[in-house]
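Peer 1: Residue numbers (the working numbering), protein chains in the order written: chain G, 53 to 220; chain E, 53 to 220.
Treat the hints as calculated values from the structure; they're not laboratory data. One should not assume that every hint holds.
If several chains are the same, the list does not tell them apart, and a pair holds so long as it fits within one copy or across any two.
Claimed, not checked - With a Cα cut of at most 25 Å, we get these calculated SDA-like pairs of lysine to any residue:
| no. | residue 1 | residue 2 |
| --- | --- | --- |
| 1 | K128 | P159 |
| 2 | K218 | D108 |
| 3 | K91 | R216 |
| 4 | K131 | P159 |
| 5 | K128 | I56 |
| 6 | K218 | H207 |
| 7 | K179 | A219 |
| 8 | K160 | S171 |
| 9 | K131 | R216 |
| 10 | K91 | E74 |
| 11 | K128 | A109 |
| 12 | K218 | Q89 |
| 13 | K218 | Q208 |
| 14 | K218 | Q190 |
| 15 | K131 | S158 |
| 16 | K131 | K218 |
| 17 | K179 | E189 |
| 18 | K160 | D175 |
| 19 | K79 | R105 |
| 20 | K128 | Q78 |
| 21 | K131 | S67 |
| 22 | K128 | L184 |
| 23 | K91 | K160 |
| 24 | K131 | S64 |
| 25 | K91 | T151 |
| 26 | K218 | N117 |
| 27 | K160 | S67 |
| 28 | K160 | A109 |
| 29 | K218 | T188 |
| 30 | K174 | T112 |
A quick note: this is a predicted structure, and the numbers were derived from the prediction, not measured.
2 protein chains.
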Amino acid sequence: MDTIRILGVDTSLRSSGVAVIEVTGQKMRALVYGRIQNKPVMTHSACLAEIHRQVDALITEFEPNEAAIEGAFFAKNAKTAMILGQARGSVLACCSLRTLPVYEYSPKSVKQAVVGVGSAQKDQVAKMVMRLLGLTEQPQEDAADALAIAITHAHQRGVPEALRSKAI
Amino acid sequence: MDTIRILGVDTSLRSSGVAVIEVTGQKMRALVYGRIQNKPVMTHSACLAEIHRQVDALITEFEPNEAAIEGAFFAKNAKTAMILGQARGSVLACCSLRTLPVYEYSPKSVKQAVVGVGSAQKDQVAKMVMRLLGLTEQPQEDAADALAIAITHAHQRGVPEALRSKAI
């Protein structure tokens, strides 16, 4: 049975969640999860470099085949969108340089895939992630989101190819 | 007399202008300028990787000391801001990974620095860039903008340190 490794990233400038899961058939397990924390004193450029560096290191260590990020559908205004966009740009460039295709999922579709309800709360998502992956402790919120995004992408494998989301 | 090399980038997803100028006292010359063109068929991720790759190659070849980009003050809406933000993120991460400090200038301050008028037209900027750098041909628009941004940063060197823009 084919095994695939999926990198999930919940992108933000100061605290990105990151995770790699391994999927074999219906089985999923977490290989790593955590977050990239950037201190408030760091310049935006330094934060973006750190995100790139750490995502790159995860790709080297865990060799994921595909990547998934949260779709940026919630930016309230141009300034917020720009800052989030920069963080996404750093992650997308890094993944593409390492020849990982990147897929994106809306927050609603992540909640739908993991909890079964598009309006689920963050805590519900974290609890369900914990159950699906057999974790003994509830992951920190950003890490849980990254795991949830990776799980959402894993679910896509059961969808007919023509209906799957396309790499961005 | 100190010599400094400045990388200027007019960032966009499909056609970023790039330039490196060398500044010694009042003298400036262009070492290279052009643009990074990404085809419409390329995914966003592939475009961002190409921007990163080409900016990285310029840094390797021309060894600039500092970088300058256009400030993102013109984004009209969240979607445009997100796409531009991603391109900026790729450039900022790349520069920071190569330990180049990055400064940003508003379009108005670039026009002010180069032409002397904050409301100058693109063609006036290109013509003045040509004159300031002693170029024999008018550069393509995106390349001219990148040169103008680098020139704007060069002008900052004459400004008292406390009044200079800070690295982003």
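Peer 1: What hint numbers does the structure not satisfy?
Peer 2: Numbers 5, 7, 10, 11, 14, 19, 20, 22, 23, 28, 29 and 30 - these are the hints that the structure violates, sorted from lowest upward.
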